[in-house]
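Peer 1: Each chain, letter by letter, is given below.
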Amino acid sequence: MSFLSPEFAFFSLFFFPIYWALNSHKKLQSLFLTSISFFIYFCFSKIFALVLFLFCLYIWAMGIWIASTNLNRKRVLGFAVGLMVLILVLIFFKYFELIRQTSLSILSFLGLNVFLPALDIVAPAGISFFTFQAITYLTWRYRNPEERVSVLDTTLYLSFWPTLFAGPIFRAQDFFKQLSGPNVGLPMEISKAIYFILLGLLQKLVFANWLQNTYVDHAFEYPDIQNFISVFCAVLAYSLQIFLDFSGYTLIVTGLGLLLGYTLPINFRQPYLAINLQDFWRRWHISLSTFIRDYVYIPLGGNRKGFTREQMNLLLAMVLSGLWHGASYTFILWGFLHGLGAVFLNLLHRWSKVQVPPLASRFFTLLFIGFAWIFFRSSNIDDAWILIGSAFHFKLSIGWNVFSLLLFSTIFFALSSRASQLQTYFVGLIEVSGLAVLTISIVAIAFLLVLLGPSGVPNFIYYRF
Amino acid sequence: MRSGPKKIFLIAVVAILINAFFWLDSVDAYLNAQYHVTLSEYLPDALFKPSLTLKKILPKGPEKVTAEQPTVAPSNSGAPGKLTDSPSRGGTLQTKERGVLDAQVRVLFAGDSMMQGVAPIAISSLRKIYPDGYFEDLSKQSTGLTVNRYLDWPETIKAQIAQKNFNTVVIFLGPNDPWDIVDGKQRYKFPSLEWENKYRSRVKEVLDYASAHKVKIIWIGLSSMRDDRLQKGAVIQNKVFKEEMNSYGFTYISTEDLFGGLDQPFKNYIYDAGGKELVVRASDGTHYSPQGLRMISSKLVSVIAGSENK
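Going down the list, the protein sequences come from chains A and B. For the first sequence, our numbering begins at 1 and goes up steadily by one. For the second sequence, our numbering begins at 1001 and goes up steadily by one.
Take these hints with a grain of salt, some might be off.
[Stated by the list, open to error] Pulled from the structure, derived: some chain B residues nowhere near chain A, Cβ distances all over 10 Å:
hint : residue
1    : Lys1007
2    : Ile1008
3    : Ala1012
4    : Ser1040
5    : Glu1155
6    : Asp1183
7    : Ser1211
8    : Val1240
9    : Lys1267
[As the list claims (entries may be wrong)] In silico lysine-lysine, BS3-like type, Cα no more than 27 Å apart, as pairs:
hint : chain 1 : residue 1 : chain 2 : residue 2
10   : B       : Lys1158   : B       : Lys1242
11   : B       : Lys1007   : B       : Lys1056
12   : B       : Lys1232   : B       : Lys1164
13   : A       : Lys27     : B       : Lys1006
14   : B       : Lys1164   : B       : Lys1276
15   : A       : Lys46     : B       : Lys1128
16   : B       : Lys1216   : B       : Lys1239
17   : B       : Lys1164   : B       : Lys1055
18   : A       : Lys27     : B       : Lys1198
19   : B       : Lys1007   : A       : Lys26
20   : B       : Lys1055   : B       : Lys1006
21   : B       : Lys1239   : B       : Lys1276
22   : B       : Lys1204   : B       : Lys1267
23   : B       : Lys1185   : B       : Lys1056
24   : B       : Lys1049   : B       : Lys1204
25   : B       : Lys1267   : B       : Lys1049
26   : B       : Lys1128   : B       : Lys1216
27   : B       : Lys1128   : B       : Lys1189
28   : B       : Lys1128   : A       : Lys395
29   : B       : Lys1299   : B       : Lys1214
30   : B       : Lys1164   : B       : Lys1216
31   : B       : Lys1007   : A       : Lys192
32   : B       : Lys1049   : A       : Lys46
33   : B       : Lys1164   : B       : Lys1056
34   : B       : Lys1232   : A       : Lys46
35   : B       : Lys1185   : B       : Lys1216
36   : B       : Lys1158   : A       : Lys26
37   : B       : Lys1189   : B       : Lys1216
38   : B       : Lys1185   : B       : Lys1214
39   : A       : Lys192    : B       : Lys1006
Everything labelled a hint here was simulated from the structure, so no lab data went into it. Yeah, the Cβ is synthetic: ideal placement off N, Cα and C, and Gly gets one too.
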């Protein structure tokens, strides 16, 4: 059941009132929310709802093990076992075929004819997200053994439906802090929630869909027949599409989270206004980039073990970030490119005093990010190179669609720099609107969203990961 | 509930119900395609009137750009953003040697998500063989021959042939079809002989038109499916496709030859010439892996290019 579907709209009419009505019975409310999370997951896959349930039990049991002993060695062992199993499960479900094919190629290159069986594996939806959440849970239990967490609360945390399928990665310490706070269970910041949901729907249903259908899919499906202008448009449009799609998704679930009484972590801060790659990663998919920083980069040594080691750590963290998106060389290369870019900037910063003006810096950062998106979006690396090659076919035929995209981009960047003022303005407007005016406005906006949106229910890009 | 929840609930109820009313026909079409239920069977016709009126007067949302309708002109595909009305004759290849297509190669690709995977690869290969050819991919996911309210394939294909003078249509669809067919007040239960006959009539609708207009049809058969219902459907559908294609003298491409027969249990891999396992199916048990798509596409291209008929 997609958050964009009519089923979800009708379902929410029953779900939210019951959920809010249960607020005076916190345990029952948590049980209801957990059951609904499993129901939504069950709608995607029956068998994986069971897998998720067993997964929750396992994580809870490991948490008990880690927290119940005073012996440091046993706690470390419990933490290590818990983590190891999580990573192995993720690798098995998500990366088995990539590892198998890569191993076969390497072994065949070495002249070894080894049999590695293919397995019929389906990765559970959202596995990358709930595995990472589980890692934060085990870490939190390891660092805070005195905390008491029930099996119900652990299950609620790991199956929490607003973040279950595509994040943002909600860290255990943040979730449980909110769970024990007074606000959970009733809607909070309603005006902000309405603004987030409507803006998210507009971004996804109207803009991301238009960009995808008009500029992106055609170019990436037929990379060999493109030219400079069409490649430029496709890359620009995809850069905007993936942001509008993913941040639109995040806005919707953040709004829904507020209606449940939870504040989800911030995932985006106008990433295309970044002045360099480090800045971009502080603004793009923040819950993942901070996870990679705290759970990969810093444990590897971060910047504490000399300049060379820092660059190696950075490169490795970025490759892992790419690999997290999927078992494909396109994602690995995308992560590697970002890592390489970040290392290059560090070297430049170390050995050169060149100061690039902020506007130029933004432009070159955006150019690099766009270039890297080619690998992220392409079906395979060959197609990516074909598309890049097509960009050297110069044929200047600029039609209305090119102007539309440039106009849209200009408006997008102009509004991006004023996003927080716009949010304050619209949230304030919703706040002061009377019930009748607000209701009529929302009815009209919803009507326009359906009118301008695609036929059928579109998928979010990040549902794949 | 306190005033906050009451307020947001009231807004949500009004917004959702009013919009459901004004978009009732679209909601019905969606539920029909997704769950094979038809609201119009249970609700009075009068309720649908506002949504049907709106549908007539309001413009449609943006549709996906198809293979030969780029909004930003590609480098070697004829007129920018337009159909290639008069593709140059006598391309780099001699038509008679190229099999089922003549020099004015105009191929329409129709189907569901199965075709969405195959068409881009096939079209890229075909463009290399027929630089002056015209190829259009109209495939759309979640479509088929069972539910025709969302998209009526026979009508769409007929209209496309008439408008754009296609001389070949490649069709690949099926996994959305093993459900009851509702035609007016009549319901054809799946699986049954009545269902098969009704389904056959929809296939024949395309073939009759194509035959009358001297358009070649290439129909790609289904492979085994992990889901029981889809597997059961594939057996019946392939039988229909194969029989009808043979009786009309059109080309049927069997994917069973590539990936194993429907009498075999679902397997996501095959063995390559070296005896190694090659994953050819996607993890959903219905679609294909990139390798599988390349195999179907390559077979399709070879059929179109006529190498199998030499």
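Peer 1: The structure should be examined with respect to each hint, and the outcome stated for every one.
Peer 2: Checked hints:
1. The Cβ of Lys1007(B) does not lie farther than 10 Å from every Cβ of chain A; its closest approach is about 6 Å, which violates its non-interface assignment.
2. A cut-off of 10 Å between C-beta atoms contradicts the statement that Ile1008(B) is not in contact with chain A; the least separation is 5 Å.
3. Residue-level check failed: Ala1012(B) sits 6 Å from the nearest beta carbon of chain A, not beyond 10 Å.
4. For Ser1040(B), the shortest C-beta to C-beta distance to chain A comes to about 15 Å, beyond the 10 Å cut-off, and the non-interface label holds.
5. Non-interface call for Glu1155(B) relative to chain A: holds, since the shortest CB-CB distance, roughly 16 Å, exceeds 10 Å.
6. Every C-beta of chain A lies more than 10 Å from that of Asp1183(B), the closest at about 22 Å, which supports listing it as non-interface.
7. Non-interface status of Ser1211(B) relative to chain A is upheld: no Cβ of that chain comes within 10 Å, the nearest being about 31 Å off.
8. A cut-off of 10 Å between C-beta atoms confirms that Val1240(B) is not in contact with chain A; the least separation is 26 Å.
9. The Cβ of Lys1267(B) sits about 7 Å from the closest Cβ of chain A, inside the 10 Å cut-off, so the non-interface label is violated.
10. Proximity of Lys1158(B) to Lys1242(B) is assessed by CA-CA distance (about 21 Å); at most 27 Å being required, the pair is judged to hold.
11. A hinted pair counts as satisfied when its Cα atoms are at most 27 Å apart, and Lys1007(B) with Lys1056(B) does not qualify at roughly 34 Å.
12. Between Lys1232(B) and Lys1164(B) the alpha-carbon distance is near 36 Å, which puts this suggested pair outside the 27 Å criterion.
13. Between Lys27(A) and Lys1006(B) the alpha-carbon distance is near 22 Å, which keeps this suggested pair within the 27 Å criterion.
14. Pair hint Lys1164(B) plus Lys1276(B) does not hold up; C-alpha atoms about 45 Å apart against a cutoff of 27 Å.
15. A threshold of 27 Å between alpha carbons decides the hint, and for Lys46(A) with Lys1128(B) the separation of about 45 Å lies outside it, so the pair is violated.
16. Of the pairs offered as hints, the one joining Lys1216(B) and Lys1239(B) holds, with about 20 Å between alpha carbons and a cut-off of 27 Å not exceeded.
17. At most 27 Å may separate the alpha-carbon atoms for a hinted pair to count; Lys1164(B) and Lys1055(B) meet this at roughly 26 Å.
18. About 54 Å separates the Cα atoms of Lys27(A) and Lys1198(B), which puts this hinted pair outside 27 Å; it is violated.
19. Using a Cα cut-off of 27 Å, the hinted pair Lys1007(B) and Lys26(A) holds, with the two alpha carbons roughly 22 Å apart.
20. Between Lys1055(B) and Lys1006(B), the direct Cα distance comes to roughly 33 Å. Violation of the 27 Å bound is thereby established for this hinted pair.
21. The suggested pairing of Lys1239(B) with Lys1276(B) is violated, with an alpha-carbon distance near 31 Å, which exceeds 27 Å.
22. Restraint check: the Cα-Cα separation between Lys1204(B) and Lys1267(B) comes to about 31 Å, which exceeds 27 Å; the hinted pair is violated.
23. Taking the CA atoms of Lys1185(B) and Lys1056(B), the gap is near 24 Å; set against the 27 Å cutoff, the hint holds.
24. For the hint pairing Lys1049(B) with Lys1204(B), the CA-to-CA distance comes to about 33 Å; that exceeds 27 Å, so the pair is violated.
25. Using a Cα cut-off of 27 Å, the hinted pair Lys1267(B) and Lys1049(B) is violated, with the two alpha carbons roughly 48 Å apart.
26. Restraint check: the Cα-Cα separation between Lys1128(B) and Lys1216(B) comes to about 21 Å, which is no more than 27 Å; the hinted pair holds.
27. Distance restraint check for Lys1128(B) and Lys1189(B): the Cα-Cα separation of roughly 45 Å exceeds the 27 Å cut-off, and the hinted pair is therefore not satisfied.
28. The straight-line distance between the Cα atoms of Lys1128(B) and Lys395(A) is roughly 20 Å, inside the 27 Å bound, and the hint therefore holds.
29. Between the alpha carbons of Lys1299(B) and Lys1214(B) the distance comes to roughly 23 Å, so the proposed pair stays at or under 27 Å and holds.
30. Only pairs whose Cα atoms come within 27 Å are accepted, and Lys1164(B) paired with Lys1216(B) is accepted, the gap being roughly 14 Å.
31. Simply put, Lys1007(B) and Lys192(A) have alpha-carbon atoms about 14 Å apart, close enough for the 27 Å limit, and the pair holds.
32. About 38 Å separates the Cα atoms of Lys1049(B) and Lys46(A), which puts this hinted pair outside 27 Å; it is violated.
33. For a cut-off of 27 Å, the pair hint linking Lys1164(B) to Lys1056(B) stands: about 25 Å separates their Cα positions.
34. Proposed proximity of Lys1232(B) and Lys46(A) is supported: the alpha carbons are some 21 Å apart, at most 27 Å.
35. With a CA separation close to 34 Å, the supplied pair Lys1185(B) and Lys1216(B) exceeds the 27 Å bound.
36. Of the pairs offered as hints, the one joining Lys1158(B) and Lys26(A) is violated, with about 60 Å between alpha carbons and a cut-off of 27 Å exceeded.
37. Only pairs whose Cα atoms come within 27 Å are accepted, and Lys1189(B) paired with Lys1216(B) is rejected, the gap being roughly 31 Å.
38. Only pairs whose Cα atoms come within 27 Å are accepted, and Lys1185(B) paired with Lys1214(B) is rejected, the gap being roughly 34 Å.
39. With a CA separation close to 16 Å, the supplied pair Lys192(A) and Lys1006(B) stays within the 27 Å bound.
Checked against the numbered hints above, the structure violates hints 1, 2, 3, 9, 11, 12, 14, 15, 18, 20, 21, 22, 24, 25, 27, 32, 35, 36, 37, 38; every other hint is satisfied.
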